[in-house]
Amino acid sequence: MNEDSPPPIKLTEYTLPRDNVPSWKAYRLKLFIPVAALILIIVAIAAVNYYSVSDEEQVRRVVKESQMYESLVLYSNPTAFDENNLRKYWIDEPNVGDVDFIKVRNGVKNLVSKNVYYGKESKCEKFDFVSVDVNETKDFAVVKTIEKWFVAKYQTDGTLIENKTIGPYSITYHLRKVKGNWLIEKSSTARAGG
99 MNEDSPPPIK LTEYTLPRDN VPSWKAYRLK LFIPVAALIL IIVAIAAVNY
149 YSVSDEEQVR RVVKESQMYE SLVLYSNPTA FDENNLRKYW IDEPNVGDVD
199 FIKVRNGVKN LVSKNVYYGK ESKCEKFDFV SVDVNETKDF AVVKTIEKWF
249 VAKYQTDGTL IENKTIGPYS ITYHLRKVKG NWLIEKSSTA RAGG
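No gaps in the numbering here: position 69 of the sequence shown is 167 in this note's numbering, and each next residue is one more.
In short, the hints are calculated from the structure, not lab data. Please note: incorrect hints may appear among the correct ones.
Cβ-Cβ distance ranges computed for the label pairs, FRET-style [what the hints assert, rightly or not]: (1) GLU191 to GLU154: 22 to 28 angstroms; (2) GLU155 to LYS224: 19 to 25 angstroms; (3) LYS224 to ARG274: 22 to 28 angstroms; (4) GLU155 to ALA178: 37 to 43 angstroms; (5) GLU155 to ILE244: 35 to 41 angstroms; (6) LYS277 to PHE227: 39 to 45 angstroms; (7) VAL228 to LYS207: 28 to 34 angstroms; (8) VAL210 to LYS236: 18 to 24 angstroms; (9) THR177 to GLY265: 34 to 40 angstroms; (10) ASN279 to GLN253: 22 to 28 angstroms; (11) ALA288 to GLU219: 18 to 24 angstroms; (12) GLU154 to ASP255: 42 to 48 angstroms; (13) ARG274 to GLU219: 31 to 37 angstroms; (14) ASN182 to ASP226: 26 to 32 angstroms.
These figures come from a predicted structure and were not determined experimentally. Just so it is clear, CB atoms sit at the ideal spot from N, CA and C, and this is done for glycine as well.
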């Protein structure tokens with residue numbers, strides 16, 4: 099080495115100042131927060147899509163539950179009729195004569211006036227959905243089914259009147275969404291006691 103030459107530089111003497119370079123921990127923390135937020139958003143969207151029930155599924159449920167309720171619960175004990183229970187499945191429009199709400203009510207009245215009820219052996223033998231069409235604005239639906247029912251009718255004294263198989267036959271239901279709930283407006287099905 100020449101005396102005029104500068105001394106050799108040791109690399110350890112020249113390091114970058116620590117306050118200008120983020121530490122790995124700080125970098126991970128800055129990266130963690132947006133990644134965690136993104137993951138939470140994705141999980142929330144997936145959960146909403148997975149657990150939310152589509153309009154079509156709601157329409158199917160209302161149609162099937164209403165018919166099971168009407169034929170196997172309501173008509174099996176028509177004297178215990180509570181009109182408020184009908185509002186769970188049917189639109190109550192007292193000024194419109196062609197709605198199912200009124201037809202179901204009249205079916206119950208017919209059974210009571212004739213002292214008739216459906217026996218516990220009455221059952222739905224077939225309930226197949228042919229189509230479920232919900233309109234673009236998601237406030238009206240048309241449903242077509244194929245149904246077959248076995249009905250046992252009794253007098254209130256317990257005397258069997260008849261055992262009858264009805265169907266298979268095609269039914270069309272018209273539903274409307276009212277205050278967020280799908281309700282049956284009218285259908286082509288016959289009612290009890292008629």
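Status of the hints after comparison with the structure:
1. GLU191 to GLU154: 22 to 28 angstroms: holds (24 angstroms)
2. GLU155 to LYS224: 19 to 25 angstroms: holds (20 angstroms)
3. LYS224 to ARG274: 22 to 28 angstroms: holds (26 angstroms)
4. GLU155 to ALA178: 37 to 43 angstroms: violated (30 angstroms)
5. GLU155 to ILE244: 35 to 41 angstroms: Because 19 angstroms falls outside the window, the suggested range is violated.
6. LYS277 to PHE227: 39 to 45 angstroms: Since the Cβ atoms of LYS277 and PHE227 sit about 25 angstroms apart, the hinted range of 39 to 45 angstroms is violated.
7. VAL228 to LYS207: 28 to 34 angstroms: holds (31 angstroms)
8. VAL210 to LYS236: 18 to 24 angstroms: Taking Cβ atoms as reference, VAL210 and LYS236 lie about 38 angstroms apart, which means the hint is violated.
9. THR177 to GLY265: 34 to 40 angstroms: violated (27 angstroms)
10. ASN279 to GLN253: 22 to 28 angstroms: violated (37 angstroms)
11. ALA288 to GLU219: 18 to 24 angstroms: holds (20 angstroms)
12. GLU154 to ASP255: 42 to 48 angstroms: Hint holds: Cβ distance 45 angstroms, inside 42 to 48 angstroms.
13. ARG274 to GLU219: 31 to 37 angstroms: Holds - the Cβ-Cβ distance for ARG274 and GLU219, about 34 angstroms, lies within 31 to 37 angstroms.
14. ASN182 to ASP226: 26 to 32 angstroms: holds (30 angstroms)
Of the numbered hints given earlier, the model fails hints 4, 5, 6, 8, 9, 10; all others are met.
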